[in-house]
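86 is the number of the first residue of the first sequence in our numbering; add one for each residue after it.
Hint data in this document are derived by calculation from the structure and do not stem from the laboratory. Mixed in with the good hints there might be a few duds.
[Unchecked claim] Computed cross-link-like contacts, SDA-like style, restricted to lysine to any residue with a CA-CA straight-line distance of at most 25 Å: (1) K328 to T457; (2) K314 to A296; (3) K328 to E367; (4) K286 to T93; (5) K418 to A391; (6) K483 to E409; (7) K454 to R406; (8) K286 to E123; (9) K499 to A470.
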Amino acid sequence: MRFAPSPTGMFHVGSARSALFNWCLAKQSGGTFILRIEDTDESRNRPEWTQGIIDAMAWLGMGTSDPCFEGPYFQSSYAGEHVAAAHRLLSSGSAYYCDCTRDDVVARTGDGNLGYDRHCRDRGLDVAEGRALRFRVPTGHTVVQDRVRGTVEFDNDLIEDFVLLRGNGSPMFLLANVVDDLQMGVTLVVRAEEHLPNTPKQQLIWDALGAAHPAWAHVPVLVNEQRKKLSKRRDKVALEMYKDEGFLPEAMRNYLMTLGWSPGGDVEILPWDDIVASFRLEDVNHSPAFFDLKKLEAFNGDYIRALGVDAFVAACEPWTRSVEGFNEALFRKIAPHVQLRLVRLSDVADAVDFLFRVDPIVDEDSWTKVMTTDIAAAVLRASLAEYERCPWDAESMKAALERIGEGLGLKLGKTQAPVRVAVTGRSVGLPLFESLEVLGRDESLRRLRAAAGRLGVA
RNA sequence: GCCCCCAUCGUCUAGUGGCCUAGGACACCACCCUUUCAAGGUGGCGGCACGGGUUCGAAUCCCGUUGGGGGUGCCA
């Protein structure tokens, strides 16, 4: 098994899914998962992208220290082997040098859509600066046996004599990829469907090299709302971004696996070990899958709720640490209520900051909506009086406010609103009485008085 | 243009000729629960692209049409 991304940007969610598929296969077969960085296009590579890939994979649970993990290897360091293989192809007659430019070809064929016209095929050109080495595609048909798609047949006459070595002598992807897979003993290639058209070409190279090609499996691409392939330019595809927004790696990897594959039956959220055990290439869907953020969020919420309190508090740390006046012990007390309401961990700060700040951030819309009613002043005045002496636990405070509501002919839903805005600054949020309990009597009363003061209540 | 792939609710999918009056999940709507918001519960909306075959019987097999997608680089 191998996963061979090119380090040309942030780690793509589609790549992540391919990696995950490979990983599952390696795990269940006791095989090796090889990470090979395909960095043969020097102009588009950056070392930080490579580290980004490794970090993102580790985040998803594919760590370099895992027994099945091998690498990372860098394709660029095997250029010598690639060139050597190319020369073998040259001497066996499977390749030839060509000095045509793209413009030359188009000028001859008169059609920019057409491929190379095999102009130099039999010119017997020698190696020279600027001359590319092309593969001599044989006549006949190439049959690709694909483990997800079945049998796909290509007419060799329609495959152009593609370039193996550039004019500057550097190897191209098609060749490098094959040579590395051959050398590394790769027996199964699982990659995105966009590589299917490359497969007959690569299979031809394997044949010409006299080696048995690996088994192929092409999984459908991930698409956006317009049903176009997820692209780095248009779409939000960087795994790192999802991490920063508070998606749990467990939720992400579970969700990614369900795109194009299903564990069967009526469940889709299941333990990772079960996923690894039940994944089968033959069950992978043939059609593109839409990357649905809403569904990812649903998965994430589910995983957040399933966390133990300790794990939840720890997972929130990247976002809680920047909350003014944050106190972990206090947060822990309210955490179970927070867990129930979070879709992304990054929302935690807004949910709990009122507990820690000197003064809550007052949402003026909430204030206007709730505090300008007739009842607000009465509720505030009465609750101030009650809360100065009632036992400081959620149940008692609830009972007290219920009594106040009864006196005013209000349901609890109405009565709690002014208290909530006074204490939290907002009209929606965590359960009120539990929040008061955690906040403490002194601070709660102080905020109630401040709100009463703003309303002009004595 | 040419080559290739694909086609079940809006979305992700289950389904491999009779268990299908097509199941689940997300989203959406309603109701219940309720301390706001969630969570949870119950119910609802909604689909086999179309046309031909094959068969006693087709979402499932075959052909065609249409529609989508991918590829078509001295990128990977």
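(request) Assess, step by step, whether the Cα of K328 is no farther than 25 Å from the Cα of T457, and give holds or violated. (result) 41 Å, violated
(message) Check whether the Cα positions of K418 and A391 lie no farther apart than 25 Å.
(response) 17 Å, holds
(message) Between the alpha carbons of K314 and A296, is the straight-line distance 25 Å or under?
(response) 33 Å, violated
(message) Given the hinted pair K328 and E367, is their Cα-Cα distance within 25 Å?
(response) 30 Å, violated
(request) Quickly compare the C-alpha distance for K286 and E123 to 25 Å and report which way the hint goes. (result) Measuring from Cα to Cα gives roughly 18 Å; hence the hint holds.
(message) For K483 and E409, compute the direct alpha-carbon distance and say whether it is at most 25 Å.
(response) With a Cα-Cα distance of about 28 Å, the restraint between K483 and E409 is violated, given a limit of 25 Å.
(message) So if I understand the rule, the pair passes when the alpha-carbon distance is 25 Å or less; does K499 with A470 pass?
(response) 18 Å, holds
(message) Hint check: K286 vs T93, CA-CA at most 25 Å. Holds or violated?
(response) 23 Å, holds
(request) With a cut-off of 25 Å on the C-alpha distance, tell me whether K454 and R406 pass. (result) With Cα atoms ~32 Å apart, K454 and R406 exceed 25 Å; violated.
In terms of the numbered hints stated before, the structure departs from hints 1, 2, 3, 6, 7, listed from lowest to highest.
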